[in-house]
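Visitor: Each chain, written out:
There are 2 protein chains.
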Amino acid sequence: MAQARRKVFGWGREGEGLTAAEEAAMLERYRRRFACARFDERAPPPLAALPLRPPRLSPPAALAHCCSSEPYERALHTHGKSFCDYARALAGDYGDAPDLVAYPSSEDEVAAILDWAGDAGAAVIPFGGGSSVVGGIAPRLEPGRHKGSVSLDLCRFDRVLEIDRTSRAARIAAGIFGPALEAQLKPHGLSLRHFPQSFEYSTLGGWIATRSGGHFATLYTHIDDFVESLRVVTPKGVVETRRLPGSGAGPAPERLFIGSEGTLGVITEAWMRLQERPRFRAGGAVHFHDFHSAARAVRAIAQAGLYPSNCRILDPQEAANTGAGDGTTAIMVLAFESGDHPVEPWLRRALECVADHGGRPEAADMTDAHRAGAAGAWRHAFIRMPYARERLITRAIIVDTFETAITWDRFEAFHDKVKAATEAAIREATGRPGQVTCRFTHVYPDGPAPYFTFHALGRHGELIAQWQQIKQAASETLHAAGGTITHHHAVGREHRPWYDRERPELFAAALKAAKSVLDPQGLLNPGVLIDR
Amino acid sequence: MAQARRKVFGWGREGEGLTAAEEAAMLERYRRRFACARFDERAPPPLAALPLRPPRLSPPAALAHCCSSEPYERALHTHGKSFCDYARALAGDYGDAPDLVAYPSSEDEVAAILDWAGDAGAAVIPFGGGSSVVGGIAPRLEPGRHKGSVSLDLCRFDRVLEIDRTSRAARIAAGIFGPALEAQLKPHGLSLRHFPQSFEYSTLGGWIATRSGGHFATLYTHIDDFVESLRVVTPKGVVETRRLPGSGAGPAPERLFIGSEGTLGVITEAWMRLQERPRFRAGGAVHFHDFHSAARAVRAIAQAGLYPSNCRILDPQEAANTGAGDGTTAIMVLAFESGDHPVEPWLRRALECVADHGGRPEAADMTDAHRAGAAGAWRHAFIRMPYARERLITRAIIVDTFETAITWDRFEAFHDKVKAATEAAIREATGRPGQVTCRFTHVYPDGPAPYFTFHALGRHGELIAQWQQIKQAASETLHAAGGTITHHHAVGREHRPWYDRERPELFAAALKAAKSVLDPQGLLNPGVLIDR
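Protein chains in written order, with numbering that gives the first Met the number 0: chain Y, 0 to 531; chain E, 0 to 531.
One or more hints might be untrue.
Since the list gives no way to pick one copy over another, a pair counts as held whenever it fits inside one copy or between any two copies.
Distance condition first, Cα-Cα at most 35 Å in a straight line; then the derived DSBU-like pairs of lysine-lysine [as the list claims (entries may be wrong)]:
| # | residue 1 | residue 2 |
| --- | --- | --- |
| 1 | K185 | K6 |
| 2 | K511 | K185 |
| 3 | K418 | K6 |
| 4 | K235 | K511 |
| 5 | K418 | K146 |
| 6 | K416 | K511 |
| 7 | K418 | K185 |
| 8 | K6 | K146 |
| 9 | K6 | K416 |
Simulated from the structure, these hints should not be mistaken for laboratory data.
Start from the sequences, fold in the hints, and give me the full structure.
Guide: Printed below as a string of structure tokens:
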């Protein structure tokens with residue numbers, strides 16, 4: 000059975016989304032939060048009404064078979080999934096629509112498209128699942144330099160190509176989506192176990208290009224460590240790194256391309272390190288008096304060398320919003336897993352750390368509680384969250400997230416400053432209070448990766464400006480207080496101002512020099528990460 | 000009490016070295032191995048007899064206070080500790096001697112030296128402990144480009160500058176030697192726990208510049224993962240990366256400098272992630288029928304997610320050579336350690352993996368055997384090894400090591416090929432059989448880092464050519480069979496031919512472009528890693 004096609008506006012496929020009951024319950028919560036009887040609802044324009052400019056480029060005959068300028072394809076490849084993307088789409092702004100969408104099936108076709116783009120003066124935007132929340136896949140061009148744009152969709156690179164069971168690794172085409180990747184590994188008893196929130200609609204290549212954060216809260220936090228080797232097609236040729244479990248031969252070549260966000264080349268395949276599918280699990284939810292106590296328990300566990308797969312905490316408000324708590328306690332979702340051995344000794348020690356900081360396990364028996372109670376509620380909310388956003392913005396409800404990392408010594412003051420600044424900005428931008436909540440997505444021995452969600456009631460027509468004012472205040476504060484502008488959402492265009500200040504000047508110059516060698520005409524993803 | 004000065008020829012300080020009894024026992028083993036009644040002994044030339052050319056450069060007045068052209072200083076900074084370095088030094092070849100040795104005390108002085116070097120046409124070689132075994136610190140210059148050379152010794156950057164107990168991290172000056180680093184951390188209950196074989200005579204900055212491999216056999220194998228942030232003085236200015244527990248903001252800037260081997264800048268300080276000092280330990284030696292069985296047990300442990308601090312194996316010959324075994328069994332040195340919790344559950348599961356592959360623990364009680372029996376003997380031999388080399392080469396005994404990494408699926412064939420090719424090369428180069436042994440230094444879920452040692456009896460006057468013939472055959476074979484030319488010894492000049500073939504062409508071009516931005520005059524460590 001053919002799958003429904005992807006939504007132009009929203010998450011996933013046409014027909015997917017919140018149920019009526021889920022939506023009603025959600026809106027009821029927001030009515031109470033904003034003390035607002037009803038919302039001003041606007042519908043996104045239908046596809047037929049989108050003001051798409053006529054394509055400025057047409058593909059050469061040799062590439063016509065894998066290129067499309069159908070309005071649906073162009074519209075689908077115009078916006079990512081940032082709040083700003085949704086706001087533009089809702090307002091009918093499709094000025095960034097690509098002139099062409101290309102669907103290569105081979106590296107030769109990728110190379111041919113890059114060659115042709117060089118001649119035609121086209122910007123080329125590598126496209127995986129299109130789930131960027133930082134303006135990473137909008138086909139924007141530099142006027143005067145580019146005559147049009149091509150969105151290069153890797154979805155035909157959709158296979159696990161080779162499996163090495165002995166080394167527990169696989170060679171995988173980069174355009175594969177999360178579920179297909181796991182389905183193809185499952186018969187071999189293996190798993191990548193990389194589950195970003197975008198899992199269903201993001202790709203291996205996208206994860207690598209953006210340093211995606213995944214399933215494991217500790218140790219293997221980013222996709223980076225799972226990359227054994229890479230193949231990248233650049234405008235100057237193919238880069239293939241050697242398949243090795245480790246090396247000390249000069250600066251690691253993979254690390255130049257991991258996080259390059261489509262600016263240096265098109266990642267076409269990778270050898271990835273895999274996991275056994277877990278056979279042993281233990282964990283569950285733990286309640287704490289407040290968020291900072293929970294954070295101290297996380298620090299103790301992170302520094303104990305126990306490496307839980309999950310060790311995330313939610314502040315009381317975030318716990319309440321996701322149905323994981325009643326708003327009176329902070330919650331830790333703690334889990335250990337293994338494909339090899341029972342994990343109770345690990346859990347036992349972690350629960351001692353938890354008790355030292357006043358944590359109270361929800362279940363008396365924590366050995367099989369990871370999908371029950373608060374932990375299960377949180378998990379469900381996490382999976383459904385991407386579907387909520389398209390139903391909120393149509394009511395002018397501004398919900399967005401931003402995330403960072405900071406060392407433990409600065410964390411508490413950092414958290415309080417960032418939260419206060421964002422709350423103040425919401426009041427200023429929208430004229431009424433909103434809400435800012437925090438959780439940890441990943442944790443390290445030397446600090447956590449705090450993840451903030453904010454909720455504000457905006458006004459149609461002003462959504463982008465209101466969002467920008469809040470984003471600006473939050474980003475300024477977290478940058479000034481020592482955080483990184485992104486722990487795993489990537490830089491794209493929306494984080495550029497703060498990334499440029501975080502990144503050492505001379506490293507920027509070195510990166511620009513590297514780009515000038517690999518992409519001398521500046522075809523690839525202009526405006527993302529670096530300017531020419 | 001002032002310490003004795005460092006040896007110009009040999010390891011450590013004057014007066015340190017093997018005892019007469021250690022040396023006699025060692026030579027007796029070699030006499031038996033080569034069936035050779037006595038060795039042809041040559042002494043290295045005394046300092047006063049070294050043919051040092053008159054300095055071609057003199058420092059400007061402003062830098063005279065931190066520069067020296069004393070023969071001792073120049074000789075000390077001429078050679079690293081590779082076999083080839085020892086052979087040159089033994090033959091009195093000091094043609095690479097630097098014209099000046101600079102001892103800056105501040106980043107301003109480092110910058111001033113780089114400025115002056117640019118004007119004077121001097122090559123600048125960053126120097127930590129001088130323990131390079133790959134020709135990484137020899138002051139070689141490009142004729143026509145450089146008028147002379149300066150060895151830039153960081154030994155005055157010798158302090159732990161700041162400690163963050165909460166995040167378990169410290170800001171540390173890069174020229175500090177291993178023992179001083181640990182001594183300054185000890186009062187705080189902390190440790191970097193990075194113990195390369197060169198520990199006593201290598202520095203933090205050197206470890207970072209060369210991607211040094213350390214104490215931990217799993218997980219934290221290279222220094223890379225302990226680097227929280229870096230300061231690097233380049234000819235174009237200072238690079239300082241942000242202190243963060245993790246980030247996903249573009250390609251990681253630290254990773255460009257980690258492994259840059261002094262070619263992009265001078266690492267002056269780093270925030271390093273630290274460990275609690277271990278309070279709990281368990282482990283000991285395990286005997287196996289043969290090396291490949293031991294390797295399969297290592298694979299099982301590495302893939303089980305147990306993360307032992309030690310999980311090294313020695314083949315029967317290497318075990319015999321180091322006094323850890325009698326030559327009939329391969330030996331695994333297995334250890335778990337923690338600053339937080341007892342590690343018996345971890346050890347128990349590892350011993351089950353071991354038993355699956357026929358491993359027999361040496362002690363009935365493995366909970367406190369890590370310094371006893373074979374494990375203790377191995378540890379002692381490991382620490383004394385650097386002192387043996389200066390006493391062997393004077394007898395024309397060629398002993399050298401090379402190391403690599405390879406995925407598990409290819410390991411067994413790889414090992415057998417590399418060993419056979421090296422043995423054949425020894426026979427060809429020296430006219431008699433030698434010995435090639437193997438151990439693992441580090442292990443990953445997807446493959447081991449095998450470390451080979453070879454022993455051959457050469458002839459004075461031909462040592463370099465004989466060594467080169469063996470090194471060439473070993474390197475060609477391991478490269479062709481898919482290994483990396485170095486897992487943790489670095490590239491320097493001696494590994495360049497194979498590094499150049501292992502490294503993707505376009506990555507080399509990108510690296511060269513980065514260097515041209517940071518070091519436009521090509522002052523830094525010419526010939527290492529990249530050419531202009």
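Visitor: Does each hint hold? Answer for all of them.
Guide: Tested hints:
1. K185 to K6: Answer is within; shortest intra-copy Cα gap is 28 Å, inter-copy 59 Å.
2. K511 to K185: Neither. Shortest intra-copy (41 Å) and inter-copy (42 Å) distances fail the 35 Å Cα cut-off.
3. K418 to K6: within (33 Å within a copy, 58 Å between copies)
4. K235 to K511: Both ways: K235 and K511 sit 15 Å apart in one copy and 15 Å across, limit 35 Å.
5. K418 to K146: neither (43 Å within a copy, 58 Å between copies)
6. K416 to K511: Close inside one copy (34 Å), not across copies (42 Å); limit 35 Å.
7. K418 to K185: Neither way: K418 and K185 sit 42 Å apart in one copy and 37 Å across, limit 35 Å.
8. K6 to K146: Classified as within: same-chain Cα gap 28 Å, cross-chain 66 Å, threshold 35 Å.
9. K6 to K416: Neither: 38 Å inside a copy, 55 Å across copies.
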